[in-house]
Amino acid sequence: MAKRGRTKAGAFPEIKEKNQGKFTRWAERNMPGKSTCGAAAAVMKNTKKYSKSVVAMANYANNFGCKR
Numbered sequence: 000m001a002k003r004g005r006t007k008a009g010a011f012p013e014i015k016e017k018n019q020g021k022f023t024r025w026a027e028r029n030m031p032g033k034s035t036c037g038a039a040a041a042v043m044k045n046t047k048k049y050s051k052s053v054v055a056m057a058n059y060a061n062n063f064g065c066k067r
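Numbering follows numbering that gives the first Met the number 0, with no gaps: position 27 of the sequence shown is 26.
Accuracy of the hints is not assured; some may be wrong.
As the list claims (entries may be wrong) - Cut-off 27 Å, straight-line C-alpha distance, at most; resulting in silico cross-link-like pairs (DSS-like, lysine-lysine):
no.	residue 1	residue 2
1	K17	K51
2	K15	K51
3	K66	K51
4	K15	K48
5	K33	K17
6	K47	K33
7	K33	K51
8	K66	K48
9	K44	K33
To be verified - Just the calculated beta-carbon pair ranges, DEER-fashion:
no.	residue 1	residue 2	range
10	E16	K48	27 to 33 Å
11	E16	K44	28 to 34 Å
12	K51	G20	18 to 24 Å
13	A55	E27	15 to 21 Å
14	G32	P12	18 to 24 Å
15	N45	E16	25 to 31 Å
16	K33	F63	15 to 21 Å
17	R28	K51	17 to 23 Å
18	E13	K48	27 to 33 Å
19	E16	K47	26 to 32 Å
20	K17	K47	26 to 32 Å
21	K44	K21	17 to 23 Å
22	T46	G20	18 to 24 Å
Just so you know, these hints were derived from the structure itself, not from any lab. Each residue gets a CB set at the ideal place from its N, CA and C atoms; glycine is no exception.
Using the sequences provided together with the hints, build the complete structure.
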């Protein structure tokens, strides 16, 4: 039986070391007083207002960091 979804080895999208903390720094500068998860949720509610790269970082943060 074949493995499916995220159970495949190496299927988890890792962040390159140079990009770690990038969204957190963006959130601290652009949304003072909000947590990283709060900033990610705000960006995802209004994706047309933010650049494609910010939306991608917020989506990753929302999916893999804020669901605990």
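Now the hints, each set against the structure:
1. Between K17 and K51 the CA atoms are separated by roughly 19 Å; this keeps the pair inside 27 Å, and the hint holds.
2. Between K15 and K51 the alpha-carbon distance is near 18 Å, which keeps this suggested pair within the 27 Å criterion.
3. In summary, the hint linking K66 to K51 is supported, as the alpha carbons are separated by about 22 Å, within the 27 Å threshold.
4. Between the alpha carbons of K15 and K48 the distance comes to roughly 26 Å, so the proposed pair stays at or under 27 Å and holds.
5. Distance hint between K33 and K17 is fulfilled; the C-alpha atoms sit about 24 Å from each other, no more than 27 Å.
6. At roughly 20 Å between alpha-carbon atoms, K47 and K33 fall within 27 Å of each other, so this suggested pair holds.
7. At roughly 21 Å between alpha-carbon atoms, K33 and K51 fall within 27 Å of each other, so this suggested pair holds.
8. A distance of roughly 24 Å separates the Cα atoms of K66 and K48; the hinted pair therefore holds under the 27 Å criterion.
9. Between K44 and K33 the alpha-carbon distance is near 15 Å, which keeps this suggested pair within the 27 Å criterion.
10. Checked against the hint of 27 to 33 Å, the pair E16 and K48 passes, with Cβ atoms roughly 29 Å apart.
11. Between E16 and K44 the CB atoms are about 30 Å apart, so this pair conforms to the stated range of 28 to 34 Å.
12. Separation of K51 from G20 is about 20 Å and conforms to the stated range, judged on CB atoms against 18 to 24 Å.
13. For A55 paired with E27, a C-beta distance near 18 Å keeps the hint of 15 to 21 Å intact.
14. Against the hinted window of 18 to 24 Å, the Cβ-Cβ separation of G32 and P12 comes to about 29 Å, which falls outside the hint.
15. For the pair N45 and E16, the beta carbons lie near 30 Å from each other, so the given range of 25 to 31 Å is met.
16. Evaluation of the 15 to 21 Å hint for K33 and F63 yields a pass: the beta carbon distance comes to about 19 Å.
17. For R28 and K51, the hinted distance range of 17 to 23 Å is satisfied, since their beta carbons lie about 18 Å from each other.
18. The supplied range of 27 to 33 Å is met by E13 and K48, whose beta-carbon atoms lie about 28 Å from each other.
19. The hint said 26 to 32 Å for the Cβ distance between E16 and K47, and at roughly 31 Å that hint holds.
20. Between K17 and K47 the Cβ separation comes to about 28 Å, which falls inside the hinted range of 26 to 32 Å.
21. The given range of 17 to 23 Å is respected by K44 and K21, whose C-beta atoms sit roughly 20 Å from each other.
22. The hinted range of 18 to 24 Å is satisfied by T46 and G20, whose Cβ atoms lie roughly 22 Å apart.
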